[in-house]
Structures are given as C-alpha cells and as structure tokens.
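Undergrad: Got chain H sorted already, so can you dock chain X onto it with the hints?
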Amino acid sequence: MPQVSRYFIFSSFVWLLLYTGLPLVAGMAESPALDYLAAMSLHMFTLGFLTQMILGVALWMFPRSKKAMPRERAEMLGVFAFILLNSGLLLRHAVYFLAPGDAAWQAIAGITQFSALLLFTAIIWNRMQPLKPKRAGAN
Amino acid sequence: MPNASIWIIRLSLLWMLAGAVSGAFMHLSTGEVSWMPGFREVHIPAMIFGWMLSFTMGVAWWIFPRVNRNERQHDAPAWIMLGLFQSGLLLLIFVPSAKLVAHLMLFSGCAVIILSILKRVKKRGHAH
Numbered sequence: 001m002p003q004v005s006r007y008f009i010f011s012s013f014v015w016l017l018l019y020t021g022l023p024l025v026a027g028m029a030e031s032p033a034l035d036y037l038a039a040m041s042l043h044m045f046t047l048g049f050l051t052q053m054i055l056g057v058a059l060w061m062f063p064r065s066k067k068a069m070p071r072e073r074a075e076m077l078g079v080f081a082f083i084l085l086n087s088g089l090l091l092r093h094a095v096y097f098l099a100p101g102d103a104a105w106q107a108i109a110g111i112t113q114f115s116a117l118l119l120f121t122a123i124i125w126n127r128m129q130p131l132k133p134k135r136a137g138a139n
Numbered sequence: 001m002p003n004a005s006i007w008i009i010r011l012s013l014l015w016m017l018a019g020a021v022s023g024a025f026m027h028l029s030t031g032e033v034s035w036m037p038g039f040r041e042v043h044i045p046a047m048i049f050g051w052m053l054s055f056t057m058g059v060a061w062w063i064f065p066r067v068n069r070n071e072r073q074h075d076a077p078a079w080i081m082l083g084l085f086q087s088g089l090l091l092l093i094f095v096p097s098a099k100l101v102a103h104l105m106l107f108s109g110c111a112v113i114i115l116s117i118l119k120r121v122k123k124r125g126h127a128h
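So the sequences go chain by chain: H and X. Heads up, the first sequence is in the numbering used here, so the first residue is 1 and it goes up one at a time. Heads up, the second sequence is in the numbering used here, so the first residue is 1 and it goes up one at a time.
What the hints contain is simulated information worked out from the structure, not anything from laboratory work. No residue lacks a Cβ here, since even glycine has one placed at the ideal position from N, Cα and C. Hints may contain errors.
To be verified - Here are some of the chain X residues that sit facing chain H, going by a computed Cβ distance under 8 Å:
| hint | residue |
| --- | --- |
| 1 | Met1 |
| 2 | Pro2 |
| 3 | Asn3 |
| 4 | Leu17 |
Chain H on its own, in the form it takes in the complex (with noise of 0.2 Å):
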C-alpha cells in the first residue's frame, strides 16, 4: 500500500474516534460542546472519516495506467492533498473557537479543503482506462 494511502487511512481512523468519542465527552459536559458537535461534527465524520478513508482506498486500488500521473509526482501531491485537507478540517474547528462566524476564514478553510479534493482528482483521473477489447481465441 502506498505511503499516502496510510496517511489518508490512518487519518480517516482519526477522525472517526473522534467523531464517535466526543459525543461521549459533550453528554458529561455543559451545552457550550453540544454546540460544537452540532455545528461540527458532520464534516468530521463526512469529510474525515468517509472522503479519506475513501481516497486513501482509492490511491491505492485503482490501476495504474501508462496515462496516469509518475508515481513519485502523484505520490508527493498525494500528500499535499493529504495535508490540504486535514489542514482545512482542523482551521475549520480553530475558527470555531477563535473567530467564531467569521465567515472569511470559514472560506479560507473550504478553499483549502477543495485544493486537497482538485489535487485528488488531478491525480486519479487517468488511473480510470478503458477495457482492452479482448483478443479473438483468449481465454
């Protein structure tokens, strides 16, 4: 498995631990963190766990096709990708706390999570090849 699959995996695992444990922590605690599950725990669990855990599956499944993106080059903007995105996940719960409403900054991290998607799909989009017809008499 790649290396930046690993990364997108183990992330994704992350994520997940922290989308399904924080409620635990909000059922002890005041209304202030129910808030900020409400507000934010969707695109943990969308955009955390499932998105990585899928794009990390798929940089290491599809077929490499003579089309697609050097291995080396799409490894290394797999990883700018990797950190684009978790970057923009977590500016998203700093702007929370920090400048709450803000919506620049809101913006600023959905820009960055969409870098890290278009960088996805630069890398995987010729990796998807057509099926060779098969040869008259082949089993």
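TA: Below, chain X alone, put in the same frame as chain H:
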C-alpha cells in the same frame, strides 16, 4: 475498468469539486441571484448523492465479480443508473418544485444498480 464506471466515477469527482466549492462559499454568500440555487442547496446533494453515492456505485460496478465472463460488456444498468442519478441531481438542485420527481429518479437509480449487483454478491469459491 468498464466505461460506465469510468464515467460514473469521473462525474462523481466533478460533483465532489462542485460540492467543495459551494461549501467553501456557503458562508460568504450575501445576496440571492434569482435563477441560481443557493450554495447550501448545491453543497449537500452534490456531496451526498453526487460524490459519495455515485463514487461508491461506480466502484462497486467495476469491482464486484461478474456472474459470467460474457457479461463483461453489458453495462446497461450502470448507464441507466448514471442517467437517472445525474438527471435527478440536476432537478433536485435547479428545480426545487420537482423535488419529488428528483428523489424518485435518485431512488430508481439506486434500485437499478442494487438489483443488478445483488446477483454478483457471491460466496467465496462459488463460480459459474
């Protein structure tokens, strides 16, 4: 990879990007443009139906074992799902009054792909 899967997955990547852009600008939008849907109205369906569900269906169609080898090129159910899903999504986002029809199309797309993949979910070692 089957052509249908390539198209489903590539379109799902485009929906993912559209969903991410709309999510980023959701908090910045101040005014309404009459003919355009709001960022929130794009963000959620694009991410749930356009990205996650479509990507999963595309990969499932590619990776689940075929019942028999000759079936390899018969991608009609995947193409039908693709058409229903894309039309349903566009309707859901751009024509709010047609929400019921849009959800019916999304449901039908899921049903078509599930019914045709069901027979490909096999026990280990079970071959035709």
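Undergrad: Tell me if Pro2 of chain X is really an interface residue toward chain H, meaning its C-beta lies closer than 8 Å to one of theirs.
TA: holds, 6 Å
Undergrad: Does Met1 of chain X meet its interface restraint, that is, does its C-beta lie within less than 8 Å of any C-beta in chain H?
TA: holds, 5 Å
Undergrad: Would the hint on Leu17 of chain X stand, with a C-beta cut-off of 8 Å toward chain H?
TA: Holds: closest Cβ of chain H sits about 6 Å from Leu17 of chain X, inside 8 Å.
Undergrad: Is the shortest C-beta separation between Asn3 of chain X and chain H less than 8 Å?
TA: holds, 5 Å
Taken one by one, the earlier hints all hold for this structure without exception.
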